[in-house]
Amino acid sequence: MDIKLNDDQLEISRQARRFFENETPMEYVRAMFEDEKGFTDEIWGKMAELGWTAMCIPEAYDGLGLELLDLAVVLEEMGRAVVPGPFFSTVMLGGGGLAEAGSDAQKKEFLPRLAAGEIRGTLALHEPDAGGDLDYVRMEAKAEGGGFVLEGTKVFVPDAHVSDFLVVPALAKDGLTLFLVESGASGLAVSPLPTMDGTRKLCVVEFGGVEVGRDAVLAAPGQGNAPLDRALRRAQVGLCAECVGGAQKAMEVATEYAQVRIQFDQPIGAFQAIKHRCAQMYVEVESARSILYWAAWAQDHAEEEAAMAASVAKAYCSEMFTRTAASAIQVLGGTGFSWEHDIHFYLKRAKANEAALGDPVYHRERIAGLLAG
Amino acid sequence: MDIKLNDDQLEISRQARRFFENETPMEYVRAMFEDEKGFTDEIWGKMAELGWTAMCIPEAYDGLGLELLDLAVVLEEMGRAVVPGPFFSTVMLGGGGLAEAGSDAQKKEFLPRLAAGEIRGTLALHEPDAGGDLDYVRMEAKAEGGGFVLEGTKVFVPDAHVSDFLVVPALAKDGLTLFLVESGASGLAVSPLPTMDGTRKLCVVEFGGVEVGRDAVLAAPGQGNAPLDRALRRAQVGLCAECVGGAQKAMEVATEYAQVRIQFDQPIGAFQAIKHRCAQMYVEVESARSILYWAAWAQDHAEEEAAMAASVAKAYCSEMFTRTAASAIQVLGGTGFSWEHDIHFYLKRAKANEAALGDPVYHRERIAGLLAG
Amino acid sequence: MDYRFSPEEEAFRQEFISWLDDNLPEGWDPSRYQNYPRDDELAAAYRAFQKRLFDAGYAGMHYPKEYGGQGRGLVHEVIVMQTLANQCLELRIPGVITFGMAAPTILYCGNEEQKSTYIPRILDGTHIWCQGFSEPNAGSDVVNVSTRAVRDGDHYIVNGQKVWTSYAHLADYCILLVRTDPDAKKHRGLSYLLLDMKLPGVEIRPIKQITGDADFNEVYMEDVRVPVSMRVGEEGDGWRIAITTLMFERVLGDATMAAAYERNIERMTQMASRVRRGGKPVIENPVFRQQLAQAYVEVMVLKYHGLRNLSHQLQGGIPGPEGSIGKLLWSEPNQRITEAALAMQGPGGQVMRGSPWSIQDGFWQYAFLRAKGNTIEAGTSEIQRNIIGERVLGLPKDSSRAARQ
Amino acid sequence: MDYRFSPEEEAFRQEFISWLDDNLPEGWDPSRYQNYPRDDELAAAYRAFQKRLFDAGYAGMHYPKEYGGQGRGLVHEVIVMQTLANQCLELRIPGVITFGMAAPTILYCGNEEQKSTYIPRILDGTHIWCQGFSEPNAGSDVVNVSTRAVRDGDHYIVNGQKVWTSYAHLADYCILLVRTDPDAKKHRGLSYLLLDMKLPGVEIRPIKQITGDADFNEVYMEDVRVPVSMRVGEEGDGWRIAITTLMFERVLGDATMAAAYERNIERMTQMASRVRRGGKPVIENPVFRQQLAQAYVEVMVLKYHGLRNLSHQLQGGIPGPEGSIGKLLWSEPNQRITEAALAMQGPGGQVMRGSPWSIQDGFWQYAFLRAKGNTIEAGTSEIQRNIIGERVLGLPKDSSRAARQ
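Chains as they are written, first to last, in the working numbering: chain G, 1 to 373; chain Z, 1 to 373; chain A, 1 to 405; chain P, 1 to 405.
Treat the hints as calculated values from the structure; they're not laboratory data.
We put the CB at the ideal spot given by N, CA and C, even for glycine.
You may find that some hints are simply not true.
[To be verified] Okay, the calculated beta carbon distance ranges per label pair:
| no. | chain 1 | residue 1 | chain 2 | residue 2 | range |
| --- | --- | --- | --- | --- | --- |
| 1 | G | D41 | P | Q14 | 54 to 64 Å |
| 2 | G | G51 | Z | A372 | 50 to 60 Å |
| 3 | P | D2 | G | A226 | 18 to 28 Å |
[Said to hold, decoys possible] Below, simulated DMTMM-like cross-link-like pairs (lysine to aspartate or glutamate); rule was C-alpha separation at most 20 Å, straight line:
| no. | chain 1 | residue 1 | chain 2 | residue 2 |
| --- | --- | --- | --- | --- |
| 4 | P | K280 | Z | E252 |
| 5 | G | K4 | P | D2 |
| 6 | A | K280 | G | D129 |
| 7 | Z | K37 | Z | E206 |
| 8 | Z | K46 | Z | E27 |
| 9 | G | K4 | P | E9 |
| 10 | A | K397 | Z | E252 |
| 11 | Z | K4 | A | D237 |
| 12 | A | K208 | G | E27 |
| 13 | A | K115 | A | D237 |
| 14 | A | K186 | G | D265 |
| 15 | A | K397 | Z | D265 |
| 16 | P | K397 | G | D265 |
| 17 | A | K397 | G | D265 |
| 18 | P | K208 | Z | D35 |
| 19 | A | K280 | P | E284 |
| 20 | P | K208 | Z | E140 |
| 21 | A | K185 | G | D129 |
| 22 | P | K280 | Z | E27 |
| 23 | G | K4 | P | E322 |
| 24 | A | K208 | G | E34 |
| 25 | A | K280 | G | E27 |
| 26 | P | K397 | G | E252 |
| 27 | A | K397 | Z | E256 |
| 28 | P | K280 | Z | D265 |
| 29 | A | K280 | G | D135 |
| 30 | P | K397 | G | E256 |
| 31 | P | K208 | Z | E27 |
| 32 | P | K208 | Z | D135 |
| 33 | A | K208 | G | D35 |
| 34 | P | K185 | Z | D265 |
Between the sequences and the hints, there should be enough to build the whole structure, so can you do that?
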């Protein structure tokens, strides 16, 4: 038993924190929040240079072959700094989907470029009637000629506007199938949505009879569930890492404010209403971190508990982040309600993460299903 | 608009409080909590003498013809003093069922004696597979000869062991039907259950082929739903009155303790953790009282909102009582956890009231149904 | 006990509802949560609509006729307020401080000249007022006011800074709490002024909130000369005026919120019938049905607790510190209700207004963010619980605050 | 990172599980929540079972061999504790104070004679210990001890009263916090004694709890003569000893609770499959599925947070005030979990043990009531949050408590 970050992970963490402090300060976040594209090529390039886009890609495809936990360490720091941009989508959704479902040839074609930061990808999963339910996929993939025709609408697709390819679950005759659709495909229309959290853009992707060849099939027809599920679980854990990092920062900001803000001639942190609120944030952030480590470890090392761990983590960490960010606003008072203070970016990211990749109600239902056997 | 107790109601309230302080002090409650029967004939007689058993019975049947709100005032005081015994069952369940569903002849036969305190009745509604769902009635009433045969089991029947009659919902060929079964009926077996709240005994009632005549039919076959629903709504509101009274007392006990208990050289009520807890109890008790008054008034004066009001009140007041009693225990600390202190009787009554007559999940589902139209 | 309006009151209500049907501004669209996204348009619409109410005899129902009011009772005022909150809350927003604080303070504590000058112009929509109480170091510790007013002949010279001054950029006047005696104990040295926002030395800077809007402002005052005639009450009497007059109007505020929230429950029910989850309307999902019902329960608590308080006051009862309950009953539930609404929408809850994919024009997204201020503004939840704990339940102050008295 | 036991540890765990299968007391019924409703029977069963553990080499895994322990690591202790908590928690209950507080205090702070006398007799089940810290006026304010110990030659004369002394009526010895110097500042005048419960002048009165059981007691001491040799550490050192030694054992307590709660989730899942609502198993109801899942989530938080702490300590980390998290993570969730279990049962949740209509032998009814003490005993939730706020996050003490220091 050895439940702590190892020296390499601690170094990755320190490096990431330094990088985000220097390269993506809040001025950058604010600019990108309003920016249509949502990131700069410069920052993207530097992140790729540091090897972060390559971390979880197998060495056979020019990746670093590291574990999810190593990546989670970076994502925790990204959450702490509410870093904007398509890193999560590319690495966890597009890259993750491809890595789990692709054939060797497909991986050879895409993963090395993804590892190098040359291309970006995402996952087009949600359909308009799905709501928070991740299992609802109804878009049809009609077999035609040697390939398939995709017709329908996917919504809330992260960063599709800057992606080079989409992993697209759809129903073929034999069942759930994953397709790789390149963004130049004819009949594909991507339009960004005005969302609450401007640091991770969501798009509507319309498939107006998009024709794809046999080689675009990632998982064989009817075989899409297992790899999709694995990719989603890893992505859910990745999102939890962001949540823990973001909540940690929110807690620190609130606690520091409670130490310096004077009301009634003493720091407000001396009042139990504030003190106990801060203590509760600490309890929950540390709890979430404990769950996160387990869930990240389980994806790589304990397949039998990986699904449960991912859902427990997603249900707990995402709600915890929302509670902590909201609680920080209450401690900060009027200051926390202003746009000028940074805390609202955390609340918005928290709500986005809560809703993404299966909401808490979905994951609790999943947990109950696993318990009920 | 005139939302306050009138002078008569205030006088009823004062009188009830005096009575319970003098006649049913906590020593009485403690004795009856352990007692098999659960009350003394002496107290029962005095309560009947005060006219409380007659309050909501129409004057035509020797009652006082008062409104539910008048009775609620007494029930609030009964809740405040966690008065044990079958008053609630007799007045709200047995009496209520009879008053709503009975024919003039049936009412003439039973209500005057009930008003005088000479007989007691209850409602045998719950079936073993119903859980917190009030609408689940499956016991069959087979037509045989001129009458019916009842076969099956009813559970969690309040005070059946000391009741002279039971109102029994069962399914006849035409639908839900209410029967009046006298406790001497052949084939009827009543056995008390060991329950958490010893101040309101619950029983299992087994119907081993109980034969009843046509004259035992309260609501005509298939016509049972409406009167049962009306009786239940009134009873739910009655239970809310108990909850408000009980929670009021729990709040007062906690607040008084917070004023005198010294820790760290000051009354614990000076600490915000305790002060804000007491404040929250006050907020919720007063809120519940406001809802209670509306719900009680609506049963007599606003049929169009009576069902909604009863469910809103039952969902809110019963959970509020549980929260308040538990919160009082936390303020009282170890003292509150001891049998010697009276507060635990309030927690136990709160849980009993929460579960009785449709639990909060049931009532919220009902509210949603009314909203969804 | 009776929850119904009297026949006369009910007739008045019906009359007002049908008047309102015909008199909402041209192009008013009840399905939009904002008909006037721009503040200046909203202020203009407010003024015009208030004038229309005034002309029709619906402005200031419970204000004396001599100041332009209708000389009716509080019930009639509640009827108007609730109906407006239910039908066109947006149009009332610029008047929240004007009617909730400025007008009652002037009416109950102002002198004859102040009353006859300002109340008619409030009622007819001419003037919008804002409130200058909060300062950077006077948040929950409201009496910690450091804006100074120094007497200079028949003027005060005012210097200082106020924050969270809602609609200051639209306002004509400001009710201002200032320190006239720096040596007196904290709350004793305060006075209450009426400030003309157009005076030289008044500078307004908007504060953008987490919603992206800028409803609030910082107000800087540099050597602003306010005539002594603009002081309400005596010098040093500012704190008493600030806290007491408000209590009488609180029932109106609670009733307004309850009416607005009832409307929101209808909105939520419609939304849950349209939005789908797993292919089925959310309203068919038992988990979210519980949340919808709980939201409704909390609104009913606000409504019926508010009515009970109103009735108490109608019968001559004096509102006291227990009024803090009302603040808690509209602020905290609103956070829970808007959270529940977003939860029902799943990832669709991320979409703000302005897209074909927006749900109900982005109402709940705005409401969710805005609600985060509810437990902070107008006295934080912590302060309300202090008030209830100490002034209603009689629990002792903590020793640090006790030592200040 | 690795959450697995090493192959050697896992082998030990399997070995212990199969040993336990063969060595539970005769007639042990895992479906009952109480095999020994009578305290004296429970104490006897505890002693016998502890002796069996001792004889088999499973007692005191991480205690030195010289005092009868096994000289293994904390992991082995955790393995034993968790397995026992999962299989037969009831049999461990009389030993909670004995192993959680008395033994580690004696081991880390006792002198050689104390260690060699008492630890072996704890490990082999001969002695049960109780704890005398709380007093009527020393609840959350733990240092407010007024039980006096006055030196008289080589004895202390002890006078005073302790409350909430769990299992005092079954205990042979008591760890006792007494005031030896009434003039020193509150926490400095305390000393730590080992009290033989059979000494003349010790009187025990049971305290019945809300569950109806009497696991706790008041202990009255009148002129009790305690040899000075029974003092642990120096005079005046009592407070330091009381708070520091406990922290090292806390990870064991958290691990035990997590194992017990995991068992409870299994119990809840079974219950929800059997109990019906509206004719259908509760487990098919989406609303209660959410509650079951949430209960599981909270247990996983306790489990994995506990393991992380344990791992930290295994690697030489020093446990600190952040250990207060563990207390909050087992006490507050247990209240929510037992509430949820009762909710699933509807009105059937009213039935206590002892009836054919009891659900799971009344386990949840007892557990619900007992859980109300969880946020009070062993430091209230309020005290835990003070500790975290002040000692972990560095927030200032409130001025009244700060003034005492």
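Here is what the structure says about each hint:
The hint said 54 to 64 Å for the Cβ distance between G/D41 and P/Q14, and at roughly 56 Å that hint holds. For G/G51 paired with Z/A372, a C-beta distance near 54 Å keeps the hint of 50 to 60 Å intact. Checking the proposed 18 to 28 Å range against P/D2 and G/A226 shows it holds: the Cβ atoms sit about 26 Å from each other. This hinted pair does not check out: P/K280 and Z/E252 have alpha carbons roughly 41 Å apart, beyond 20 Å.
Restraint check: the Cα-Cα separation between G/K4 and P/D2 comes to about 8 Å, which is no more than 20 Å; the hinted pair holds. At roughly 7 Å between alpha-carbon atoms, A/K280 and G/D129 fall within 20 Å of each other, so this suggested pair holds. Of the supplied pair hints, the one linking Z/K37 and Z/E206 holds, its CA atoms being roughly 19 Å apart against a limit of 20 Å. Of the pairs offered as hints, the one joining Z/K46 and Z/E27 holds, with about 18 Å between alpha carbons and a cut-off of 20 Å not exceeded.
Distance check on the hinted pair: G/K4 and P/E9 sit about 19 Å apart at the alpha-carbon level, within 20 Å; holds. Using a Cα cut-off of 20 Å, the hinted pair A/K397 and Z/E252 holds, with the two alpha carbons roughly 18 Å apart. The straight-line distance between the Cα atoms of Z/K4 and A/D237 is roughly 35 Å, outside the 20 Å bound, and the hint therefore fails. Between the alpha carbons of A/K208 and G/E27 the distance comes to roughly 16 Å, so the proposed pair stays at or under 20 Å and holds.
At roughly 18 Å between alpha-carbon atoms, A/K115 and A/D237 fall within 20 Å of each other, so this suggested pair holds. Taken as a hint, the A/K186 and G/D265 pair is honoured in the structure, with Cα atoms around 12 Å apart against an allowance of 20 Å. The hinted pair formed by A/K397 and Z/D265 meets the criterion: a straight-line CA distance of about 13 Å does not exceed 20 Å. This hinted pair checks out: P/K397 and G/D265 have alpha carbons roughly 13 Å apart, not beyond 20 Å.
Between the alpha carbons of A/K397 and G/D265 the distance comes to roughly 14 Å, so the proposed pair stays at or under 20 Å and holds. Restraint check: the Cα-Cα separation between P/K208 and Z/D35 comes to about 18 Å, which is no more than 20 Å; the hinted pair holds. In summary, the hint linking A/K280 to P/E284 is supported, as the alpha carbons are separated by about 18 Å, within the 20 Å threshold. At most 20 Å may separate the alpha-carbon atoms for a hinted pair to count; P/K208 and Z/E140 exceed this at roughly 45 Å.
Simply put, A/K185 and G/D129 have alpha-carbon atoms about 62 Å apart, too far for the 20 Å limit, and the pair is violated. Restraint check for P/K280 and Z/E27: the C-alpha separation of about 42 Å exceeds 20 Å, so the hint is violated. Proposed proximity of G/K4 and P/E322 is supported: the alpha carbons are some 16 Å apart, at most 20 Å. Between A/K208 and G/E34 the alpha-carbon distance is near 15 Å, which keeps this suggested pair within the 20 Å criterion.
Straight-line distance between C-alpha atoms of A/K280 and G/E27 comes to about 42 Å, which puts the hinted pair past the 20 Å bound. With a CA separation close to 18 Å, the supplied pair P/K397 and G/E252 stays within the 20 Å bound. Using a Cα cut-off of 20 Å, the hinted pair A/K397 and Z/E256 holds, with the two alpha carbons roughly 15 Å apart. This hinted pair does not check out: P/K280 and Z/D265 have alpha carbons roughly 55 Å apart, beyond 20 Å.
A threshold of 20 Å between alpha carbons decides the hint, and for A/K280 with G/D135 the separation of about 13 Å falls inside it, so the pair holds. Straight-line distance between C-alpha atoms of P/K397 and G/E256 comes to about 15 Å, which keeps the hinted pair within the 20 Å bound. For a cut-off of 20 Å, the pair hint linking P/K208 to Z/E27 stands: about 16 Å separates their Cα positions. Distance restraint check for P/K208 and Z/D135: the Cα-Cα separation of roughly 40 Å exceeds the 20 Å cut-off, and the hinted pair is therefore not satisfied.
With a CA separation close to 18 Å, the supplied pair A/K208 and G/D35 stays within the 20 Å bound. For the suggested pair P/K185 and Z/D265, the alpha carbons sit about 14 Å apart, so the restraint of at most 20 Å is met.
Of the numbered hints given earlier, the model fails hints 4, 11, 20, 21, 22, 25, 28, 32; all others are met.
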